[in-house]
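The primary structure of each chain is shown beneath.
Protein chains: 2
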Amino acid sequence: MISNIKIENIKNQNLPAVIIAAGEGFRLFNGNGGIPKPLTPIFGKTLLERSIHSCREAGIKKIYVVVGCFKQEMVSFIEQLDQELDISIQVVPNPHWRKGNGTSVSAVSAFIDSAFLLLMCDHLCDPSILTNLIDAQNGENTCVLAVDYRTNDIFDIDDATKVVLDNFDITAIGKDIVKYDAVDTGFFLCQPSIFDALKSAQQDGDGSLSGAIRKLTKLGRIRAVNIGNRFWFDIDTPACLSSAKRKLLSAISKPNEDGYIARVLNRPLSCKLSELFVQTPITPNMITVLSFLICCIGAYLFSFGDYKWTLYAGILVQLSSIVDGCDGEISRLKFQASRFGAWFDTILDRYADVAIAAGITFGYWQTHPQPAVLLGGVIALSGFIMSSYVRKEYELRFNHRLHNSILNRLNKRDVRLFTIFIGALFNQPFEAMICVGVLSHIGVGVNILNIYRKKEKYS
Amino acid sequence: MISNIKIENIKNQNLPAVIIAAGEGFRLFNGNGGIPKPLTPIFGKTLLERSIHSCREAGIKKIYVVVGCFKQEMVSFIEQLDQELDISIQVVPNPHWRKGNGTSVSAVSAFIDSAFLLLMCDHLCDPSILTNLIDAQNGENTCVLAVDYRTNDIFDIDDATKVVLDNFDITAIGKDIVKYDAVDTGFFLCQPSIFDALKSAQQDGDGSLSGAIRKLTKLGRIRAVNIGNRFWFDIDTPACLSSAKRKLLSAISKPNEDGYIARVLNRPLSCKLSELFVQTPITPNMITVLSFLICCIGAYLFSFGDYKWTLYAGILVQLSSIVDGCDGEISRLKFQASRFGAWFDTILDRYADVAIAAGITFGYWQTHPQPAVLLGGVIALSGFIMSSYVRKEYELRFNHRLHNSILNRLNKRDVRLFTIFIGALFNQPFEAMICVGVLSHIGVGVNILNIYRKKEKYS
Chain D
1 MISNIKIENI KNQNLPAVII AAGEGFRLFN GNGGIPKPLT PIFGKTLLER SIHSCREAGI
61 KKIYVVVGCF KQEMVSFIEQ LDQELDISIQ VVPNPHWRKG NGTSVSAVSA FIDSAFLLLM
121 CDHLCDPSIL TNLIDAQNGE NTCVLAVDYR TNDIFDIDDA TKVVLDNFDI TAIGKDIVKY
181 DAVDTGFFLC QPSIFDALKS AQQDGDGSLS GAIRKLTKLG RIRAVNIGNR FWFDIDTPAC
241 LSSAKRKLLS AISKPNEDGY IARVLNRPLS CKLSELFVQT PITPNMITVL SFLICCIGAY
301 LFSFGDYKWT LYAGILVQLS SIVDGCDGEI SRLKFQASRF GAWFDTILDR YADVAIAAGI
361 TFGYWQTHPQ PAVLLGGVIA LSGFIMSSYV RKEYELRFNH RLHNSILNRL NKRDVRLFTI
421 FIGALFNQPF EAMICVGVLS HIGVGVNILN IYRKKEKYS
Chain V
1 MISNIKIENI KNQNLPAVII AAGEGFRLFN GNGGIPKPLT PIFGKTLLER SIHSCREAGI
61 KKIYVVVGCF KQEMVSFIEQ LDQELDISIQ VVPNPHWRKG NGTSVSAVSA FIDSAFLLLM
121 CDHLCDPSIL TNLIDAQNGE NTCVLAVDYR TNDIFDIDDA TKVVLDNFDI TAIGKDIVKY
181 DAVDTGFFLC QPSIFDALKS AQQDGDGSLS GAIRKLTKLG RIRAVNIGNR FWFDIDTPAC
241 LSSAKRKLLS AISKPNEDGY IARVLNRPLS CKLSELFVQT PITPNMITVL SFLICCIGAY
301 LFSFGDYKWT LYAGILVQLS SIVDGCDGEI SRLKFQASRF GAWFDTILDR YADVAIAAGI
361 TFGYWQTHPQ PAVLLGGVIA LSGFIMSSYV RKEYELRFNH RLHNSILNRL NKRDVRLFTI
421 FIGALFNQPF EAMICVGVLS HIGVGVNILN IYRKKEKYS
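In the order they appear, the protein sequences are chains D and V.
Here the working numbering is used: the first residue of the first sequence is 1, the next is one more, and so on.
Here the working numbering is used: the first residue of the second sequence is 1, the next is one more, and so on.
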């Protein structure tokens with residue numbers, strides 16, 4: 001199920017991004033076997049790659065990576081990346097990196113004279129935080145900082161940079177603030193005014209970025225934007241790293257759009273599977289095909305009609321439903337989301353549904369060779385496809401999703417396959433299939449009536 | 001089949017429209033039994049209603065109707081319309097209507113001080129001509145006239161107003177021009193500068209709108225926009241009226257989006273049927289249901305499995321395919337297009353396809369009770385739905401339509417139902433159904449391969 005992937009509206013494609021990857025990162029460096037921090041892998045992609053891919057998904061075309069410590073390793077890694085990706089990456093060396101992370105931002109002043117996104121390489125993020133920042137531009141020379149109000153959920157709050165807010169104006173920023181409103185995520189939309197602020201702070205002997213932000217605060221040249229419940233993580237220590245992995249896995253499964261069974265049962269299991277898959281070169285499309293094949297074998301076993309095979313068939317169908325969650329998860333974990341993948345996945349899902357309905361009907365018909373059984377098969381098969389068809393066609397016509405009513409949630413694929421699995425356990429797969437098939441048609445009918453009544457007829 | 005209806009992107013909702021309905025229209029008046037020209041009905045809607053609905057479909061919220069001759073009849077008709085429609089209509093009387101149609105435009109100068117659309121009530125048009133005009137605004141104080149380059153196709157070219165163009169600048173306008181580039185359609189996007197031009201022309205003793213346009217021409221304050229092959233018609237005489245009806249009928253059937261059979265066979269027949277339906281209170285949604293029911297009866301007759309019923313079944317299925325074109329035609333003829341209608345139509349089409357596949361399979365199975373027949377039924381049924389599903393899902397993911405390849409055209413519903421009809425004539429509906437069913441799956445596979453190869457994967 002890749003259908004959750006949302007391809008963002010891309011604005012301001014000319015906005016460059018700056019990724020700060022110049023620090024020593026000694027706390028993580030000492031714990032991860034000597035790999036430079038930006039090159040620490042998480043689920044098969046280094047921190048630096050993750051930052052670059054996040055920018056790419058937010059529509060950025062040009063990236064400056066500021067390097068300092070481990071310059072040589074960084075440069076050769078970036079050169080390789082630049083060839084692989086359809087995005088321009090320029091290395092900016094910062095020989096003064098020991099004087100503070102502000103000097104790394106100053107280093108790009110020779111290249112940039114417009115607004116730019118600023119990211120810290122050791123911060124993971126949901127790319128929509130970046131698109132939000134891009135959207136927050138208002139044409140003025142005011143910088144914007146993405147802040148997180150969920151101060152109780154921060155992994156290492158003592159080490160976090162806190163901010164005090166007056167509405168959306170930042171009035172104070174620092175690590176030692178006791179009474180604060182939110183936490184600095186390290187994602188900025190900067191204006192060229194940042195360079196003057198950096199210079200001014202450095203003249204005062206403060207080489208940190210926070211020092212420059214404090215200068216902007218005094219000038220009223222910085223605003224905050226709330227990231228809501230989006231995912232981000234600042235990775236400083238090996239303990240952070242494992243916590244980040246857990247958080248990232250839970251962030252890529254989007255329970256709001258999942259059905260009941262997907263949320264409670266399938267997601268926790270598919271996340272575990274994705275953790276394994278992500279370490280292999282298996283692509284999301286391969287997982288889509290794998291899930292389809294498992295379902296087809298299940299459908300074939302159903303067609304024998306006796307309990308032994310029915311039981312295995314039911315288990316395979318439910319397994320397929322779980323594996324079906326992995327393609328989307330892997331695509332988000334590895335930044336491999338694609339329109340083709342999402343399209344291909346839904347097509348194979350429908351074919352798998354057809355196979356299951358045909359298999360169960362044929363299995364039942366072996367012992368009950370009555371026309372009514374065939375009719376039941378037609379009802380179930382058409383119900384499965386139509387339930388999805390009606391939803392897609394609605395989205396196409398009305399430009400928004402069908403209301404996520406209880407009935408519509410019950411008619412999602414996760415519930416359908418789980419019901420068949422339970423039916424198979426009790427040797428009643430045909431009866432279970434008829435139930436979900438009839439429910440699908442009832443869902444279609446209720447949707448038609450609801451929308452007709454809502455008088456959206458002439459909209 | 002309502003799926004062809006395109007709901008236009010609506011811009012500039014605050015732009016008002018002015019409809020000139022003040023003239024005597026004596027040429028038509030003498031021929032149509034004494035009804036004022038703007039109230040002459042065409043396919044159940046008066047000329048005035050058609051102008052108002054065209055504005056409404058172009059996103060206009062406020063309309064001024066200028067009346068002169070038959071003022072009383074016009075006012076009471078408009079008052080009734082204003083209550084029925086979700087659009088604000090204001091009557092503007094023009095006591096000087098005898099002095100020329102320019103005086104009718106001058107009459108609205110007291111109400112409008114911004115850009116506005118200008119329509120002649122006796123001109124039918126495709127609403128997209130109006131949206132095109134709205135889009136042609138460029139912020140300058142320049143009027144825009146929609147012109148038609150198809151000068152050989154104009155019904156009464158002698159009576160038409162001709163224009164001479166230098167690129168998109170209008171250099172001359174008038175009825176008596178011998179060498180001209182295009183014809184004035186009578187649809188304008190006006191700027192307040194039109195009022196000065198009207199005054200200036202009237203001071204010269206010319207009360208016509210063309211007189212004012214000539215003034216604008218001299219000032220370089222009028223441009224042309226090409227309507228391409230869109231439909232419009234200027235109705236002056238009873239002969240015009242019947243020609244307009246024919247042209248309107250042919251304009252509402254959109255052969256470009258139709259399949260092969262729809263274009264050659266179904267459209268000409270459905271247009272004839274629509275001419276009948278349009279005179280009744282039957283709504284497009286009723287026709288959608290009628291077409292579905294005809295198909296269901298056909299499917300039921302197929303299930304008997306003997307030739308006599310099969311023959312009738314085939315005829316009914318093809319009849320249903322023809323009637324299925326009428327809902328879209330009626331909705332366009334009567335301005336009743338709706339998102340609900342388009343959605344509802346495609347859902348019932350898919351259910352009808354399911355019924356046909358089930359009916360034919362069951363009919364064949366009566367004399368050939370083999371499992372392979374059931375498998376064939378599953379292949380056909382799933383092929384019919386999936387062929388459409390893949391197309392819709394593609395549009396949803398990629399924001400554009402699937403390429404209209406020969407294979408994709410062959411897998412449209414009109415060809416599918418016609419093949420089954422021909423199969424039924426030769427008492428081979430099952431074989432015909434299997435052919436189109438297998439072709440549908442081949443189409444799905446070819447589409448998947450093509451899109452995968454095109455590397456739209458990571459777009």
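Because the hints were derived from the structure by calculation, they are not lab data.
Wrong hints could be hidden among the right ones.
[Unchecked claim] Over 10 Å on every C-beta distance to chain V, these chain D residues come out as not near it, computed from the model: (1) 154; (2) 240; (3) 388; (4) 397.
[Unchecked claim] Taking lysine-lysine pairs in the DSS-like style, the calculated list, with each CA pair at most 25 Å apart, reads: (5) D:61 <-> V:454; (6) V:61 <-> D:454; (7) D:454 <-> V:392.
[Unchecked claim] Away from chain D, derived, C-beta distances all over 12 Å, residues of chain V: (8) 192; (9) 396; (10) 439.
Using N, Cα and C, we set each Cβ at its ideal position, and we do this for glycine too.
Hint check:
1. 154: Check passes; 34 Å lies beyond 10 Å.
2. 240: Non-interface label stands for residue 240 of chain D: nearest chain V Cβ at 31 Å, farther than 10 Å.
3. 388: Violated, since 8 Å does not exceed 10 Å.
4. 397: violated (5 Å)
5. D:61 <-> V:454: holds (22 Å)
6. V:61 <-> D:454: Given pair residue 61 of chain V, residue 454 of chain D holds - Cα atoms ~22 Å apart, limit 25 Å.
7. D:454 <-> V:392: holds (24 Å)
8. 192: Given that every Cβ of chain D is farther than 12 Å from that of residue 192 of chain V, nearest at about 30 Å, it holds.
9. 396: The assertion about residue 396 of chain V is violated, with a minimum of 5 Å to chain D.
10. 439: holds (16 Å)
Hint compliance for this structure: hints 3, 4, 9 are broken, all remaining hints hold.
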